[in-house]
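Residues 0 to 487 (numbering that gives the first Met the number 0) are what the sequence shown spells out, left to right.
There could be a bad hint or two in this list.
As a list, the in silico DSS-like pairs of lysine-lysine whose alpha-carbon atoms are at most 25 angstroms apart [as the list claims (entries may be wrong)]:
(1) 160 with 188
(2) 399 with 428
(3) 418 with 388
(4) 180 with 140
(5) 27 with 140
(6) 64 with 179
(7) 187 with 228
(8) 64 with 74
(9) 300 with 325
(10) 7 with 276
(11) 74 with 207
(12) 245 with 7
(13) 325 with 399
(14) 325 with 388
(15) 64 with 140
(16) 448 with 404
(17) 245 with 259
(18) 64 with 44
(19) 388 with 160
(20) 404 with 379
(21) 435 with 418
(22) 179 with 218
(23) 418 with 428
(24) 160 with 140
(25) 207 with 44
(26) 140 with 44
(27) 418 with 448
(28) 435 with 448
(29) 388 with 435
(30) 140 with 176
(31) 179 with 300
(32) 160 with 179
(33) 27 with 64
(34) 207 with 218
(35) 218 with 259
(36) 74 with 44
(37) 179 with 236
For the record, the hints were derived by calculation from the structure and aren't laboratory data.
In this text, all values refer to a predicted model and were calculated from it rather than measured experimentally.
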Amino acid sequence: MSRTFYLKYRPQTFADLDSTTAREELIKIFSSGNLPQAFLFSGTKGIGKTSSARIVAKAINCTGKKPNEFEPCNKCDNCLSITAGNNVDVMEIDAASFTGVDDIRDLRDKIRLSPASLKYKVFIIDEVHRLSGSAFDALLKTLEEPPQHVIFILCTTDPEKLPKTIVSRCQRIAFHKATKKEIVERLKKNCLAEGLEFEEEALVQIVKISEGSFRDAVKILEQVSFSGKITLGEVDKIAGISGEYKPQDLLHLLAARQTKEALLWIGRAVEAGVSLKILLENLLEILRIIILFEYGVEEEKVEVNLTGGQARQLIDLLALAYTEMKFAVIPQLPLEMAVIEWSSFVPMVIGASEDKSEIKKEKISPLSNAKFVLEEIQAKWPEILERVKPLNHSVLAFLKACRPKAVEGNFLILEVFYKFHKDQLESEKCRRVFEKAASEVLNDKVLLKCVLSDEKPAKLNSVPLPKPSIKNEDEDDIIKVAEEIFNN
């Protein structure tokens, strides 16, 4: 039976390592000749930590390498036995199952014993952060005064959970998340070695699905290799992605506020077997590119009619849906709720700023027959804002950028400074939110009317109002919305 691609093409020398930063750091350490007795390899799953640990074990025990060389020969008995995983002096320990007192006692005994055949006995402890407290204590004592014949290689995906006393006694090597270029190069090497034809976009799609893991990327490659050609369609099938249901299509519907069509699209996608997890990941990646493009970080523009501010709103909703989806009884429900929530947001204005010189300003004249007293409304303005807050944050941001100017009967006249701002507040959705909140606070029916001011926005505070009692934790959301309004 043939070996899997991952085992068949597993790195066997430092030069073979795909992680550029880790490879360079290890080569520098071994070139110096100063060998630490404890290494700490940290990084995401499938990035090459255990493979690197085995290479280190071979490099320090190789009998076939020439003087002043550090790469293992992979031909001597020591190298071959370590590669095969049957050398008793190289022990790989799963920290998750290493919790009992007997385990610790057994480890201490093995550490004290001299190597059976190698120069150095090597202990590779995988997921070391999952050791029990007593196991950490035992390990710390050994690391403080390690026997000369012992080398420790600790591997972890979560270095923050390790005691500082352990970390400080190790030579730390960080395995950064693999880049798109690194994984594609690895996949191309495997394809050439296996005589496989491939589509470039298929390899790129594998990179996205593998989430920066070399191991996962190679496993996916093997799964789609049986036809002899690596195509995008085959990769999408393995990942549960349908070519008929592209994430951009859903974003176009959301940008156009076509809520019903978006919900139907999700339903059809689920019936077609589309992976919601991958769909959400792709949606978030596209929205990320939209935001980065605005700041000049991304060069490739995504053809979706969304501003950076709208993309941020959608990211918040979809990221929450992604988290909730793991525990949902109905898998698509969190995504459907995110779409419905998005439809309730007030659309941000897209396009160039308006030429205010061409807008005819409405003069504000003294009003009579007022049912309310302006001073009373100004005094209760913070309370009205508080009442609006849970109903709609976008409306709250609009209101915080204007001021009560006058009253006439049941009408409250608000002074605003931008035409699009006035249009938004007078839209049916915003108007209903405000009138409901104001009517509840003033215990009578309140109707809204907006007028454009001749003043510049900088003079907004010329008429002092009581400071709104908005809590600090809510201000960030409000400021984001307000910034989006005025920046666009």
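Do the hints match the structure? See the list:
For the suggested pair residue 160 and residue 188, the alpha carbons sit about 36 angstroms apart, so the restraint of at most 25 angstroms is broken. Proposed proximity of residue 399 and residue 428 is supported: the alpha carbons are some 17 angstroms apart, at most 25 angstroms. A hinted pair counts as satisfied when its Cα atoms are at most 25 angstroms apart, and residue 418 with residue 388 qualifies at roughly 23 angstroms. With a CA separation close to 42 angstroms, the supplied pair residue 180 and residue 140 exceeds the 25 angstroms bound.
With a CA separation close to 28 angstroms, the supplied pair residue 27 and residue 140 exceeds the 25 angstroms bound. At roughly 34 angstroms between alpha-carbon atoms, residue 64 and residue 179 are farther apart than 25 angstroms, so this suggested pair is violated. Between residue 187 and residue 228 the alpha-carbon distance is near 12 angstroms, which keeps this suggested pair within the 25 angstroms criterion. Between residue 64 and residue 74 the CA atoms are separated by roughly 9 angstroms; this keeps the pair inside 25 angstroms, and the hint holds.
As the CA atoms of residue 300 and residue 325 are separated by approximately 31 angstroms, the hinted pair breaks the 25 angstroms bound. As the CA atoms of residue 7 and residue 276 are separated by approximately 30 angstroms, the hinted pair breaks the 25 angstroms bound. Between residue 74 and residue 207 the alpha-carbon distance is near 37 angstroms, which puts this suggested pair outside the 25 angstroms criterion. At most 25 angstroms may separate the alpha-carbon atoms for a hinted pair to count; residue 245 and residue 7 exceed this at roughly 35 angstroms.
Annotation: proposed proximity of residue 325 to residue 399 is violated, straight-line Cα distance about 38 angstroms (limit 25 angstroms). Our distance criterion of 25 angstroms between C-alpha atoms is broken by residue 325 and residue 388, whose separation comes to about 30 angstroms. For the given pair, residue 64 sits about 34 angstroms from residue 140 by alpha-carbon distance, which is inconsistent with the 25 angstroms threshold. Restraint check: the Cα-Cα separation between residue 448 and residue 404 comes to about 10 angstroms, which is no more than 25 angstroms; the hinted pair holds.
The straight-line distance between the Cα atoms of residue 245 and residue 259 is roughly 17 angstroms, inside the 25 angstroms bound, and the hint therefore holds. Distance hint between residue 64 and residue 44 is unfulfilled; the C-alpha atoms sit about 31 angstroms from each other, more than 25 angstroms. Only pairs whose Cα atoms come within 25 angstroms are accepted, and residue 388 paired with residue 160 is rejected, the gap being roughly 39 angstroms. A C-alpha spacing of about 14 angstroms is found between residue 404 and residue 379, which places the hinted pair at or below 25 angstroms, so the restraint holds.
For a cut-off of 25 angstroms, the pair hint linking residue 435 to residue 418 stands: about 23 angstroms separates their Cα positions. Note on residue 179 and residue 218: the hinted pairing holds, with a Cα-Cα distance of about 16 angstroms set against a maximum of 25 angstroms. Taking the CA atoms of residue 418 and residue 428, the gap is near 17 angstroms; set against the 25 angstroms cutoff, the hint holds. Restraint check: the Cα-Cα separation between residue 160 and residue 140 comes to about 19 angstroms, which is no more than 25 angstroms; the hinted pair holds.
Our distance criterion of 25 angstroms between C-alpha atoms is met by residue 207 and residue 44, whose separation comes to about 15 angstroms. Of the supplied pair hints, the one linking residue 140 and residue 44 is violated, its CA atoms being roughly 28 angstroms apart against a limit of 25 angstroms. Distance check on the hinted pair: residue 418 and residue 448 sit about 13 angstroms apart at the alpha-carbon level, within 25 angstroms; holds. Straight-line distance between C-alpha atoms of residue 435 and residue 448 comes to about 14 angstroms, which keeps the hinted pair within the 25 angstroms bound.
A threshold of 25 angstroms between alpha carbons decides the hint, and for residue 388 with residue 435 the separation of about 12 angstroms falls inside it, so the pair holds. A C-alpha spacing of about 32 angstroms is found between residue 140 and residue 176, which places the hinted pair above 25 angstroms, so the restraint is violated. For the given pair, residue 179 sits about 19 angstroms from residue 300 by alpha-carbon distance, which is consistent with the 25 angstroms threshold. In summary, the hint linking residue 160 to residue 179 is not supported, as the alpha carbons are separated by about 28 angstroms, beyond the 25 angstroms threshold.
Restraint check for residue 27 and residue 64: the C-alpha separation of about 18 angstroms stays at or below 25 angstroms, so the hint holds. The hinted pair formed by residue 207 and residue 218 meets the criterion: a straight-line CA distance of about 14 angstroms does not exceed 25 angstroms. For the suggested pair residue 218 and residue 259, the alpha carbons sit about 39 angstroms apart, so the restraint of at most 25 angstroms is broken. Note on residue 74 and residue 44: the hinted pairing is violated, with a Cα-Cα distance of about 29 angstroms set against a maximum of 25 angstroms.
For a cut-off of 25 angstroms, the pair hint linking residue 179 to residue 236 stands: about 21 angstroms separates their Cα positions.
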